[in-house]
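Visitor: Here is what each chain is made of, one letter per residue.
Protein chains: 4
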Amino acid sequence: MASSEQSQPQLPTSAIQNRSTEKSSEVWFEYVVRVHPHHTDYAGIVWHGTYISWMEEARIESLRSIGIEFADLVNIGCDLPVVEISVRYHKAVKLGMVVVVKTRMANTEGVRLDWDYKIQSLDGQELYVSARITLVTIDREKGKIMRRLPPVMEEALTKLSI
Amino acid sequence: MASSEQSQPQLPTSAIQNRSTEKSSEVWFEYVVRVHPHHTDYAGIVWHGTYISWMEEARIESLRSIGIEFADLVNIGCDLPVVEISVRYHKAVKLGMVVVVKTRMANTEGVRLDWDYKIQSLDGQELYVSARITLVTIDREKGKIMRRLPPVMEEALTKLSI
Amino acid sequence: MASSEQSQPQLPTSAIQNRSTEKSSEVWFEYVVRVHPHHTDYAGIVWHGTYISWMEEARIESLRSIGIEFADLVNIGCDLPVVEISVRYHKAVKLGMVVVVKTRMANTEGVRLDWDYKIQSLDGQELYVSARITLVTIDREKGKIMRRLPPVMEEALTKLSI
Amino acid sequence: MASSEQSQPQLPTSAIQNRSTEKSSEVWFEYVVRVHPHHTDYAGIVWHGTYISWMEEARIESLRSIGIEFADLVNIGCDLPVVEISVRYHKAVKLGMVVVVKTRMANTEGVRLDWDYKIQSLDGQELYVSARITLVTIDREKGKIMRRLPPVMEEALTKLSI
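Residue numbers (my numbering), protein chains in the order written: chain P, 1 to 162; chain G, 1 to 162; chain Z, 1 to 162; chain H, 1 to 162.
Hints in this document: simulated from the structure, not taken from any laboratory.
Warning: the hint list may mix true and false statements.
[Stated by the list, open to error] Covered stretches of chain P, going by a simulated chain H footprint (3 or more residues, C-beta under 8 Å):
1. 36 to 42
2. 47 to 60
3. 64 to 74
Since we're looking at a predicted model, the values are computed, not measured.
By construction, the Cβ of each residue, glycine as well, lies at the ideal position given by its N, Cα and C atoms.
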């Protein structure tokens with residue numbers, strides 16, 4: 001899913017800006033994944049694109065943990081396309097291993113929602129992947145970035161950033 | 001595939017540095033893709049992770065176009081894990097559309113091989129995705145970054161950067 | 001994509017039955033694929049689910065070859081969900097190999113469209129996978145199997161089965 | 001993963017045949033999955049190939065539940081390629097839904113391990129997918145079907161079929 005619009009500088013984004021905070025949440029949401037064969041490639045390790053799926057799952061589960069059902073957002077016509085990803089691969093993850101995908105909302109600026117990620121061993125001693133993924137909220141019917149977040153989301157995110 | 005080692009500052013990288021040039025190749029390798037159902041998500045557009053597969057295919061085909069068979073590299077014990085990706089999604093690509101994935105080696109610094117990407121409409125008028133993907137060459141047996149590229153690759157890349 | 005309805009025995013399927021023939025097309029549509037890293041798993045061979053993607057691509061390209069654009073079908077509200085697949089894996093396909101996915105419409109009975117597949121080496125000497133995949137045409141708005149195929153499809157398929 | 005050998009009629013398969021039983025296990029192993037965006041296609045429902053991944057995960061987790069670590073099997077040189085799949089899609093599964101993948105070993109005949117599947121709603125009232133997937137145990141070094149299962153597996157499976 002990708003944005004059909006990504007730069008609209010003059011948007012009245014007051015609602016969204018109010019939500020912005022100086023510091024990101026201190027708490028990381030944790031999503032545990034085990035490496036199955038379909039996650040791997042010929043090298044016996046996780047294929048680099050597979051992590052994108054895991055980070056999507058972690059993001060959606062973290063939204064659920066604060067009361068936002070992603071499918072409900074979609075049903076009310078709000079979409080959350082990814083507009084930017086940046087991933088660093090530090091160490092390979094192998095078949096059968098269990099890792100934890102940690103994610104949290106970073107500082108939000110304007111209409112962009114930044115999510116930070118680190119994928120680690122369960123004991124936190126190994127860092128396999130670090131990433132930032134940026135989404136925007138889109139009004140699907142209009143195909144435009146939303147001026148205000150849907151109330152359910154605004155409310156939940158306010159809670160999150162306290 | 002991800003690196004099991006990614007920072008080895010003191011490597012004797014003369015062979016690789018010799019290959020480095022001040023400017024990247026002016027020529028983009030072009031790889032045409034049509035959007036099939038399995039590339040899309042619920043929004044009727046290409047899922048953001050799918051582009052990672054397309055860029056991998058374009059990269060491998062561009063290597064083939066200069067005489068490097070990726071599977072041969074793997075067979076001689078050289079691997080090319082991705083250590084970093086950075087992708088910007090500008091505009092959605094829909095089911096049934098045909099796009100061209102353009103790629104070229106950018107400036108190479110030390111042991112890192114940077115590939116630039118733009119995914120465009122066939123007429124070049126629309127830019128859907130832009131990206132940079134960085135790989136390193138790994139000696140699979142030792143699990144370490146290679147001090148010298150395999151001769152077949154060094155030779156081909158020298159040709160590429162002229 | 002899966003059917004939301006799959007057994008409606010009393011449908012007036014005259015249009016579809018007329019199209020049925022005693023023997024399937026003798027001509028196989030051929031779709032060439034090269035094995036890239038994201039197709040493989042830890043064993044260095046193509047992951048068994050990957051073939052499903054390849055067969056989907058071959059099916060859609062074979063429809064295009066007789067003048068049917070899959071995306072156009074979807075846009076007019078007709079969908080072609082898979083209702084049944086049956087795959088036999090005879091021999092592994094490895095990273096870097098090139099294979100040809102051959103497909104053709106088999107006998108069609110009632111509202112079911114059967115596609116036969118064989119995935120072979122380019123010289124036809126090796127058989128890697130054989131399969132049958134069955135689809136039905138669905139009216140997406142009603143969520144029901146279509147009583148008549150869309151004219152564009154009926155016409156093209158009649159041509160195919162002569 | 002696919003077999004590089006699949007018919008060796010004269011194998012001494014006593015160990016495997018002893019394990020065979022007249023009736024399959026009555027107990028289904030249950031593996032719960034939530035539908036995320038990367039599982040879906042343009043139609044807003046789970047893409048038909050996605051279920052293959054889910055069934056692989058359920059199979060591996062069911063082996064774990066009886067003490068067999070799939071990655072360990074691979075490490076000792078035993079592989080379990082899929083040689084046949086047969087899937088019927090009864091009803092679509094949509095974005096955000098939660099389903100349960102149920103699996104159990106069916107009667108085993110000779111060297112083939114058959115797994116039955118049904119994918120259902122959590123309350124068991126809806127049946128979305130039913131399937132049978134057949135695997136064989138391969139000695140990876142020899143590239144041949146194993147005459148005897150690895151002891152760890154034989155023991156665990158004997159327990160399962162009582």
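Visitor: Are the hints correct? Go through all of them and say.
Guide: So, going through the hints one by one against the coordinates:
| no. | hint | result |
| --- | --- | --- |
| 1 | 36 to 42 | holds (count 3) |
| 2 | 47 to 60 | holds (count 5) |
| 3 | 64 to 74 | holds (count 5) |
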